[in-house]
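Sequences are here, hints too, so could you generate the full structure?
Residue numbers (this note's numbering), protein chains in the order written: chain A, 33 to 224; chain B, 33 to 224.
Incorrect hints may appear among the rest.
Identical chains share a label here; the pair holds if one copy fits it or two copies do between them.
[Claimed, not checked] Taking lysine-lysine and the BS3-like style, the derived pairs with C-alpha atoms no more than 27 Å apart in a straight line are:
#, residue 1, residue 2
1, K222, K104
2, K222, K39
3, K40, K109
4, K39, K82
5, K94, K54
6, K179, K109
Bear in mind the hints are in silico, worked out from the structure with no lab data behind them. Since the model is a prediction, treat every value here as computed from it, not as a measurement.
Listed here are the chains, written in short residue letters.
There are 2 protein chains.
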Amino acid sequence: MDQISSKKVQILESALELIREKGFHGSPISQVAKHASVAAGSVYTYFESKDEMIFELYRYVKSEVLKEISEKDDPKKNFEDRFFDFWNNLTSLYQERVAFQSFLEQFTSSPYNTETMQLETDPWGRWTEAFFREGVESGQLRPLNPKILSMMVMGSVISLIRFRTYFKTKTASASQDLHLIPQMVWDGIKFQ
Amino acid sequence: MDQISSKKVQILESALELIREKGFHGSPISQVAKHASVAAGSVYTYFESKDEMIFELYRYVKSEVLKEISEKDDPKKNFEDRFFDFWNNLTSLYQERVAFQSFLEQFTSSPYNTETMQLETDPWGRWTEAFFREGVESGQLRPLNPKILSMMVMGSVISLIRFRTYFKTKTASASQDLHLIPQMVWDGIKFQ
DNA sequence: GATCCGTGATTGAACGTTCATTCAGTCATT
DNA sequence: AATGACTGAATGAACGTTCAATCACGGATC
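Take a look at the structure:
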């Protein structure tokens with residue numbers, strides 16, 4: 033019953049793709065609707081306003097990321113392995129679904145990301161926090177606030193993806209080195 | 033002679049502040065002009081269009097950051113000290129001038145950040161790349177492409193600032209741990 | 001010193017466009 | 001025939017940009 037109507041998802045996915053290409057201003061409802069093969073007016077059957085649509089898109093993307101990453105995590109492994117799984121799964125996901133990463137970045141740095149929005153219950157945020165807390169409690173990570181560890185790791189993932197996206201063509205040499213990044217991050221956060 | 037007209041700087045600073053508060057859409061030329069105490073039409077004496085104004089703002093902010101950071105760097109010190117100076121100076125700068133960081137993030141993740149824009153000669157980008165190259169060549173950093181090292185460090189700085197901004201009030205405990213971040217980053221990138 | 005003129009900067013109302021949103025009408029299903 | 005989903009043209013507000021009018025000021029003239 034928590035099933036989201038398929039037309040609603042169609043609209044969200046259409047908005048996601050458009051926003052990746054053109055940003056928030058470059059994505060009028062008329063275009064979003066056209067790409068989703070519905071009429072402009074229909075968008076308002078599913079969302080109160082464009083703003084509300086974008087807030088729901090934010091929740092949607094984070095819930096998709098959570099679904100994907102949490103289901104591939106194996107809590108029975110030791111934490112170091114789980115960390116590299118986490119890293120690889122997240123970078124692959126962002127690589128496959130470029131619009132996820134692009135939308136999240138745009139949203140986060142935009143004024144949509146109000147204080148209210150940040151205080152909203154955030155399953156993905158709580159999951160990552162719990163993940164890193166386990167690392168700390170099992171003694172494999174530095175004894176720091178898991179929010180901070182999480183922030184550092186996520187920041188690196190984002191930097192990496194951005195790097196890959198921007199420097200797709202040139203600097204083939206550099207791309208060799210990219211494999212070393214998760215190790216560097218691990219060396220930074222592990223218990224020494 | 034390369035002096036930028038003070039009215040032009042007034043407009044840029046006004047736009048910077050407004051964009052930090054309200055983002056690109058929330059910063060119409062009429063408002064930018066009002067905050068800069070000029071008429072809307074005058075903006076077009078200094079910039080061809082709103083887009084061109086935003087591109088110039090991007091160049092302006094990066095040149096200000098370069099000026100500030102490069103003048104405080106002391107190449108005579110050993111690289112580890114220079115790294116911590118770099119870190120502290122950059123975080124302080126972004127803390128003092130919140131609009132710099134906010135604008136750069138919004139710009140980078142927006143469609144303004146076209147391929148053409150990225151190919152433009154970028155003194156700040158070249159400076160940081162040279163900085164990390166020196167670290168590699170002096171044997172104090174891991175032998176990686178300096179672009180990648182630069183990216184990792186900048187990503188962490190940004191994450192830290194974001195963290196500070198968003199979690200200003202709550203989690204006072206966490207803020208103790210924030211001091212440890214540059215050390216963690218250094219442990220990740222130093223030659224082991 | 002007072003007055004006038006010319007020039008370039010500055011103004012802000014007006015224009016045309018784009019967009020979010022609405023709603024009267026149409027369609028599909030039962 | 002009734003119901004509810006769907007449509008897309010119409011509406012009005014907001015915006016980027018233009019440009020005729022005004023202003024500020026330095027020099028020329030008396």
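Compare the structure with the hints numbered earlier in the document and write down the numbers of the violated ones, lowest to highest.
2, 3
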